[in-house]
Amino acid sequence: MRDGLRAGGLALTVLGWSVLAPRLPQRWNPLPQMAFGGALAVLSRRSLGLRPPRLWRGVRWGSAVAVPVAAAVAATTLLPPVRAGMAARELPASPARWLLLRIPLATVWSEEVAFRAALRTAAEQAWGPDAGNLFAATVFGLSHIPDARAAGDPVLGTVLVTGAAGWGLGRLHARSGSLAAPMIVHLVLNEAGAVAALAIQRRRSARARPGRAARSAGRRSRS
0 MRDGLRAGGL
10 ALTVLGWSVL
20 APRLPQRWNP
30 LPQMAFGGAL
40 AVLSRRSLGL
50 RPPRLWRGVR
60 WGSAVAVPVA
70 AAVAATTLLP
80 PVRAGMAARE
90 LPASPARWLL
100 LRIPLATVWS
110 EEVAFRAALR
120 TAAEQAWGPD
130 AGNLFAATVF
140 GLSHIPDARA
150 AGDPVLGTVL
160 VTGAAGWGLG
170 RLHARSGSLA
180 APMIVHLVLN
190 EAGAVAALAI
200 QRRRSARARP
210 GRAARSAGRR
220 SRS
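Residue numbering for the sequence shown follows numbering that gives the first Met the number 0, beginning at 0 and increasing consecutively.
No lab work stands behind these hints: they were computed from the structure.
The beta-carbon is built from N, C-alpha and C at its ideal position, and this holds for glycine as well.
It is possible that part of the hints are untrue.
Claimed, not checked - Taking CB as the label site, the calculated pair distances span:
(1) Trp27 - Pro67: 20 to 30 Å
(2) Thr137 - Ala205: 18 to 28 Å
(3) Leu14 - Arg45: 22 to 32 Å
(4) Gly37 - Gly127: 40 to 50 Å
(5) Val41 - Ala205: 41 to 51 Å
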């Protein structure tokens, strides 16, 4: 009972944070997210596994899984619907800040500590490994509802996809014994998607520039 209440309280906390965090000024990002992750890391330090030898086991597991994940992301960018979605996506004004700070610290660090180290571990203590991981993965999916609404993405599809990803990351954390494993995979997944979106938008922008220049020259010649 006590473990269940703790897991439920953590779930409400991280869901509340998922609603609050996007409302904070973007110039603060990633400091509040880092602080939130750091606070949960203090409470969950036993399940982090970020010291040798568990750290090296996590790095091995994470690297092994990250390679096919990166290949899968690259393959999906060949699909026209995926390319169209990436081309229409609104990207941050500073790609470097996005890639180097916001994804690794505001997203990967804070989410992995919150959902894998803290919530999954608490839920596992309350209901066992399988049910605990499913609970944490479900909450992980639900936490992406604000982002889906803000981006205009299908809410149900977003919850299902991110929930499935959360389930896999939770299994990886459990098998490796280190948060390094899901952090590596999560980082590669998000960075690969971000780089692909940047590349597609820049390529389309470069193709559009000659056409705009030609139309502008035509208008000047007629005037």
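*Enumerate the violated hints, using their earlier numbering and listing them in ascending order.*
Violated: hints 1, 2, 4.
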